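Participant: Sequence:
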Amino acid sequence: MVSWSDETSEDSVLNISSSYDGIIKLPATMHDPYFNGTDAYVNVLCEHGEPAERFVAFEGMHMGRRFLGCAKKEGINCGVVQWIDFEWPDSMEKALAKLWDMYEEIKSARTNDNLKSSFAIHNLTE
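Residues in the sequence shown are numbered from 1 upward in steps of one, following full-length UniProt numbering.
Derived from the structure by calculation, the hints contain no laboratory data. Quick caveat: nothing in here was measured; it's all calculated off a predicted structure. Every residue, glycine too, gets a C-beta built ideally from N, C-alpha and C. Treat the hints with caution; some may be incorrect.
As the list claims (entries may be wrong) - No more than 30 Å apart at the CA atoms, straight line, and that leaves these computed lysine-lysine pairs for DSSO-like: (1) K98 - K116; (2) K116 - K72; (3) K98 - K25; (4) K25 - K72; (5) K94 - K107; (6) K116 - K25; (7) K107 - K25; (8) K73 - K116.
As the list claims (entries may be wrong) - Simulated DEER-style distance windows between Cβ atoms: (9) T38 - G75: 14 to 22 Å; (10) E50 - K98: 49 to 57 Å; (11) F86 - T38: 45 to 53 Å; (12) F35 - K107: 51 to 59 Å; (13) A40 - I76: 21 to 29 Å.
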């Protein structure tokens, strides 16, 4: 379940809670040489009281959006602390959803083809 804080608050902070495993995870990220590490000028702390780290999302509807997230590498991670970029327009979200669906379909088909090939090779070697 995702819940956003009240827009009247000072910060526009995204709070993420997970009802299935108790561990909050960051979205998959990609390296951006211009937006990474911690920023000494931005005083945003995660729930652990540590400075948030800069990331660029590489997953689902958030693909390409910059955010500040928990920098803790081991143990329980706070997840996304604050999004830097606004949400994508509806048309972009639909395009991203379509691309990810196509990717998953191709990935699944390739896995099935590899499995069939493995069985065929196994049957030939018997």
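Participant: None of the hints should be skipped; say for each whether it holds.
Facilitator: Here is what the structure says about each hint:
no.	hint	in the structure
1	K98 - K116	27 Å, holds
2	K116 - K72	42 Å, violated
3	K98 - K25	24 Å, holds
4	K25 - K72	11 Å, holds
5	K94 - K107	20 Å, holds
6	K116 - K25	34 Å, violated
7	K107 - K25	23 Å, holds
8	K73 - K116	39 Å, violated
9	T38 - G75: 14 to 22 Å	18 Å, holds
10	E50 - K98: 49 to 57 Å	37 Å, violated
11	F86 - T38: 45 to 53 Å	23 Å, violated
12	F35 - K107: 51 to 59 Å	28 Å, violated
13	A40 - I76: 21 to 29 Å	25 Å, holds
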